[in-house]
Amino acid sequence: DVKVTQSSRYLVKRTGEKVFLECVQDMDHENMFWYRQDPGLGLRLIYFSYDVKMKEKGDIPEGYSVSREKKERFSLILESASTNQTSMYLCASSSPQGSTEAFFGQGTRLTVV
Amino acid sequence: AQRVTQPEKLLSVFKGAPVELKCNYSYSGSPELFWYVQYSRQRLQLLLRHISRESIKGFTADLNKGETSFHLKKPFAQEEDSAMYYCAPNTNAGKSTFGDGTTLTVKP
Numbered sequence: 001d002v003k004v005t006q007s008s009r010y011l012v013k014r015t016g017e018k019v020f021l022e023c024v025q026d027m028d029h030e031n032m033f034w035y036r037q038d039p040g041l042g043l044r045l046i047y048f049s050y051d052v053k054m055k056e057k058g059d060i061p062e063g064y065s066v067s068r069e070k071k072e073r074f075s076l077i078l079e080s081a082s083t084n085q086t087s088m089y090l091c092a093s094s095s096p097q098g099s100t101e102a103f104f105g106q107g108t109r110l111t112v113v
Numbered sequence: 114a115q116r117v118t119q120p121e122k123l124l125s126v127f128k129g130a131p132v133e134l135k136c137n138y139s140y141s142g143s144p145e146l147f148w149y150v151q152y153s154r155q156r157l158q159l160l161l162r163h164i165s166r167e168s169i170k171g172f173t174a175d176l177n178k179g180e181t182s183f184h185l186k187k188p189f190a191q192e193e194d195s196a197m198y199y200c201a202p203n204t205n206a207g208k209s210t211f212g213d214g215t216t217l218t219v220k221p
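Just so you know, the protein sequences line up as chains U and D, in that order. Counting from 1, one number per residue, gives the positions in the first sequence under our numbering. Counting from 114, one number per residue, gives the positions in the second sequence under our numbering.
Please keep in mind that the hints were generated in silico from the structure rather than gathered at the bench. Here the structure is a predicted model, which means the values were calculated and not measured. The beta carbon of each residue, even a glycine, is placed where N, CA and C say it ideally should be. Fair warning: there could be bad hints in the mix.
With a cut-off of at most 35 Å between alpha-carbon atoms, the simulated DSBU-like pairs for lysine-lysine come out as follows [as the list claims (entries may be wrong)]: (1) Lys57(U) <-> Lys178(D); (2) Lys220(D) <-> Lys57(U); (3) Lys122(D) <-> Lys55(U); (4) Lys55(U) <-> Lys178(D); (5) Lys57(U) <-> Lys186(D); (6) Lys178(D) <-> Lys3(U); (7) Lys122(D) <-> Lys13(U); (8) Lys3(U) <-> Lys135(D); (9) Lys53(U) <-> Lys186(D); (10) Lys128(D) <-> Lys71(U); (11) Lys135(D) <-> Lys57(U); (12) Lys71(U) <-> Lys170(D); (13) Lys55(U) <-> Lys135(D); (14) Lys3(U) <-> Lys128(D); (15) Lys71(U) <-> Lys220(D).
Pair ranges (Cβ atoms, derived) [unchecked claim]: (16) Phe189(D) <-> Arg73(U): 39 to 47 Å; (17) Ser80(U) <-> Gly129(D): 47 to 55 Å; (18) Asp26(U) <-> Lys178(D): 19 to 27 Å; (19) Phe189(D) <-> Asp26(U): 19 to 27 Å.
Work out the full structure: start from the sequences and follow the hints.
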């Protein structure tokens, strides 16, 4: 069974903290993505990576950075958390060839207080 | 610019009624099109893709290149179909753009 696993289901952090969200996939996928999901706004792409150490900004990268040191792991970093970053964060992976469907993690509900 | 429009944020039908979730896209090239579904307390998952032309859980989706639409249809909705549905064209070697989503509620 294919798996995308996010390290935390729920997180509560204080304003100004540095926050790390971790994601691991076991499908040997080249592509990995971070989205945030907000009611009425759908899924918005924050960053994606198409290879180790490669990254591209998505639609809403401000306030975020990412790290991909290994193929299976993609980390989202909030440099200084703010209350407007309270959201559900979804990690996904996909292959660039063949079936390109995205496989999603279970999500991390982040609350910044 | 690549864009996906799901015009209905909320859609409510009675059990047994037909349902259609609309999706229009604006994309260069020939995207691969997907519908994803998220049931309550479950992760987002693939429902169906246009290239397979299959019916999944009674749902079908027809790609209309002329109208650039990929509407999702089911002739007889069931209560277990209540979920959030996302349309997602996929190009650029695996990168998806998601619509805002439609929350479907099927009432008994």
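Structure-based check of each hint:
1. Lys57(U) <-> Lys178(D): Holds, at roughly 29 Å.
2. Lys220(D) <-> Lys57(U): violated, 41 Å
3. Lys122(D) <-> Lys55(U): Status holds; Cα separation ~31 Å.
4. Lys55(U) <-> Lys178(D): holds, 32 Å
5. Lys57(U) <-> Lys186(D): Holds, at roughly 34 Å.
6. Lys178(D) <-> Lys3(U): At roughly 33 Å apart (the allowed maximum being 35 Å), Lys3(U) and Lys178(D) satisfy the hint.
7. Lys122(D) <-> Lys13(U): Distance ~30 Å between Lys122(D) and Lys13(U) Cα, so the pair holds.
8. Lys3(U) <-> Lys135(D): holds, 30 Å
9. Lys53(U) <-> Lys186(D): violated, 41 Å
10. Lys128(D) <-> Lys71(U): Given that 35 Å is the threshold and the Cα spacing comes to 45 Å, the pair is violated.
11. Lys135(D) <-> Lys57(U): Given that 35 Å is the threshold and the Cα spacing comes to 28 Å, the pair holds.
12. Lys71(U) <-> Lys170(D): This hinted pair holds, its Cα atoms lying about 34 Å apart.
13. Lys55(U) <-> Lys135(D): holds, 32 Å
14. Lys3(U) <-> Lys128(D): holds, 33 Å
15. Lys71(U) <-> Lys220(D): violated, 44 Å
16. Phe189(D) <-> Arg73(U): 39 to 47 Å: holds, 44 Å
17. Ser80(U) <-> Gly129(D): 47 to 55 Å: Taking Cβ atoms as reference, Ser80(U) and Gly129(D) lie about 52 Å apart, which means the hint holds.
18. Asp26(U) <-> Lys178(D): 19 to 27 Å: Violated, since Asp26(U) and Lys178(D) (Cβ atoms, about 36 Å apart) do not stay within the stated range.
19. Phe189(D) <-> Asp26(U): 19 to 27 Å: violated, 38 Å
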